[in-house]
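There are 2 protein chains.
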Amino acid sequence: MKIIILGGDGFCGWPTALKLCANGHEVKIIDNLSRRRIDKELGSNSLTDIAPISQRIETARELLGDISFANIDIATDPKALKDLLINFKPDTVVHFAEQRAAPYSMIGEKERNYTVDNNIIGTHNLCSSIVEVDRKIHLVHLGTMGVYGYSKAFGAIPEGYLDVNITQTKKDVEILYPANPGSVYHMSKCLDQLIFQFYNKNWGLKITDLHQGIVWGVQTNETKSHKDLSNRFDYDGIYGTVLNRFISQAAAKKNLTVYGTGGQSRAFINISDTANCIKIAIENDDFSSERVRIFNQVAEVKSVKQLAEMVAGQYGVSIDFVANPRKELAENELEVSNQGLKSLGFEPIFLNKGLVDDILYLANDLTQNFDARNVLTSPIW
Amino acid sequence: MKIIILGGDGFCGWPTALKLCANGHEVKIIDNLSRRRIDKELGSNSLTDIAPISQRIETARELLGDISFANIDIATDPKALKDLLINFKPDTVVHFAEQRAAPYSMIGEKERNYTVDNNIIGTHNLCSSIVEVDRKIHLVHLGTMGVYGYSKAFGAIPEGYLDVNITQTKKDVEILYPANPGSVYHMSKCLDQLIFQFYNKNWGLKITDLHQGIVWGVQTNETKSHKDLSNRFDYDGIYGTVLNRFISQAAAKKNLTVYGTGGQSRAFINISDTANCIKIAIENDDFSSERVRIFNQVAEVKSVKQLAEMVAGQYGVSIDFVANPRKELAENELEVSNQGLKSLGFEPIFLNKGLVDDILYLANDLTQNFDARNVLTSPIW
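Order-wise, the sequence lines are chains S and P. Going by this note's numbering, the first residue of the first sequence is number 1, and it counts up by one from there. Going by this note's numbering, the first residue of the second sequence is number 1, and it counts up by one from there.
Treat the hints with caution; some may be incorrect.
27 angstroms max Cα-Cα, derived DSS-like pairs, lysine-lysine [stated by the list, open to error]:
hint, chain 1, residue 1, chain 2, residue 2
1, S, 82, P, 327
2, P, 79, S, 40
3, S, 110, P, 136
4, S, 152, P, 171
5, S, 327, P, 253
6, S, 327, P, 327
7, P, 82, S, 110
8, P, 152, S, 170
9, P, 170, S, 171
10, P, 136, S, 152
The hints are simulated quantities; they were obtained by calculation from the structure and are not laboratory data.
Throw the hints in and build the complete structure from the sequences for me.
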């Protein structure tokens with residue numbers, strides 16, 4: 001297939017692009033390199049060294065397959081996006097081109113506005129271009145489990161749609177799961193959902209929205225195959241996801257910092273599974289476009305405290321419980337369906353397997369890149 | 001009170017601004033004059049002659065009260081918007097600054113993108129600025145009944161929130177009414193709603209969202225008081241609302257054009273009631289900001305066919321049933337609660353009263369401005 005990866009220079013986009021190209025697809029990465037710019041803006045860094053995009057692409061072409069790159073900002077240049085669709089003629093467009101950190105979106109006005117401007121306008125420009133160019137293009141979007149929120153009243157989290165009985169009419173209906181975002185970033189993904197619903201309803205666009213859990217891990221088979229292909233590894237308080245922060249703290253022999261009681265239950269997925277799930281969604285595109293297909297892209301549910309205790313026990317470090325900078329429930333239960341992707345062949349990697357590899361890799365090679373000042377940098381919201 | 005009217009040069013914004021200033025409030029209109037630009041773009045025109053904004057303001061200051069104007073595009077210049085809030089120190093900001101025509105939003109890619117860029121980014125910039133400047137500012141937003149859609153399963157339309165029983169947990173909960181927009185314009189108002197929900201939840205912003213029905217009528221007591229204050233009257237297939245189109249067709253002795261069977265039931269409100277309801281919402285701002293306050297700003301429900309028959313019978317013209325350019329149910333029932341505004345003193349103007357005034361005014365003075373080529377200009381969606 002011919003596949004465009006929007007945001008293919010990022011933490012999830014890059015390993016996904018490599019996996020697809022290694023599996024024989026023709027891949028074109030589109031990225032405005034904003035993630036590298038934000039590193040500089042925040043004074044943060046990837047724990048791993050990451051090659052410039054030109055070097056990434058050159059090495060990937062040599063080692064893996066047909067892959068190319070163009071620098072386009074899909075939020076500010078809809079014409080370039082449309083021309084790209086016209087010229088490249090993709091079967092599938094994978095949309096990772098969104099500002100992806102909840103803490104970043106809560107730093108202040110500039111970051112709130114950037115997150116909405118970039119994410120919503122980018123998503124809408126994409127849908128609007130597909131209507132013009134070819135309505136058969138399959139749009140695969142990376143959503144987030146954070147669109148659901150953590151309401152106990154709603155029970156186990158289904159895949160996108162919720163069964164309810166309307167009190168007034170006593171009718172049973174299925175509705176889009178009521179949005180309950182916890183940050184401007186999560187809000188932006190809730191807005192994306194409504195855009196998809198309408199573009200699907202009015203123009204029949206074929207859309208898969210993947211509500212992903214919190215990603216852990218760094219490398220995949222492809223990113224490990226050459227130093228130029230290494231994936232980025234954020235461990236800071238803004239872009240670092242919780243388990244990756246713990247792992248890098250442990251590798252640097254620092255105490256783990258848990259927000260609040262650590263009683264927050266969340267869904268997790270390994271970075272290799274991210275790439276694998278996207279591949280599964282792309283290759284299984286024979287579904288009715290009568291409505292948006294929504295899957296939960298998650299492997300398992302853990303509490304933050306469980307994660308911390310596991311890492312602390314295995315690597316002999318302690319846990320510091322710090323004030324929670326976020327507005328969220330101190331404790332919650334969580335049960336999540338992931339039957340959709342499983343029914344298409346997804347076999348999740350669970351938390352213990354794989355983890356050791358990454359930790360060793362970090363501990364041996366990368367502690368000199370670790371800057372402890374970057375860990376507790378989350379804004380308060 | 002000190003009140004900012006964003007979009008105060010438009011069809012609803014202008015009479016509202018005048019009413020508030022005539023009632024002793026200090027009013028500042030902000031507008032980028034986009035509606036006048038779109039007239040030129042579409043080759044359409046207001047049936048009434050409308051004065052330049054400077055002349056409008058000068059005459060309104062002489063005759064009615066304290067009113068001023070600044071040209072700011074709130075979607076593209078968030079800094080100017082923020083400076084305005086800092087310097088003017090409003091008690092209330094009324095937000096009409098959105099592209100407001102469903103047909104315009106469905107013309108093509110440019111118009112879809114403009115509608116989303118302008119409406120969503122404008123709304124978000126406003127919320128984001130209020131967080132920075134003063135979270136006690138009351139934000140009054142003009143929503144639309146079109147966010148609800150026309151699902152029979154959901155029964156009579158409540159004010160913003162819907163009671164449901166969750167099938168899985170058997171719990172009774174109240175949710176934001178599931179969005180079901182019929183155009184990109186309506187979709188933009190659904191996105192606005194989610195922005196309001198989050199900004200209310202996270203920062204406690206005090207927000208009233210008014211889901212308005214289809215507006216009919218042209219003049220209010222204030223706009224009638226001097227020719228410079230005249231309101232605009234759109235009768236074209238893009239910006240003309242259905243009853244106003246019928247009235248202008250009848251005045252020009254043309255047949256009325258009904259889309260489809262005319263069995264579409266919709267909620268209506270007179271332009272004087274629009275201004276009055278906004279005034280009521282502003283002056284009754286002593287409500288808990290624990291959630292977004294949502295009212296349905298409507299007077300009554302009629303089918304399109306009922307409207308056409310009434311106008312045709314009264315003015316001796318015929319009805320042409322033409323192919324419906326829109327994707328919508330051919331026939332629907334509709335029942336709408338408007339208890340919220342009524343409980344604060346709203347006494348609706350119903351369809352027969354007031355109508356004759358407007359018709360006569362048009363018939364006598366304005367048929368020379370009527371261009372029949374502008375009537376059937378709706379895009380097909």
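Cross-check of the supplied hints:
no. : hint            : result
1   : S:82 <-> P:327  : holds, 25 angstroms
2   : P:79 <-> S:40   : holds, 24 angstroms
3   : S:110 <-> P:136 : holds, 21 angstroms
4   : S:152 <-> P:171 : holds, 10 angstroms
5   : S:327 <-> P:253 : violated, 62 angstroms
6   : S:327 <-> P:327 : violated, 41 angstroms
7   : P:82 <-> S:110  : holds, 12 angstroms
8   : P:152 <-> S:170 : holds, 12 angstroms
9   : P:170 <-> S:171 : holds, 14 angstroms
10  : P:136 <-> S:152 : violated, 31 angstroms
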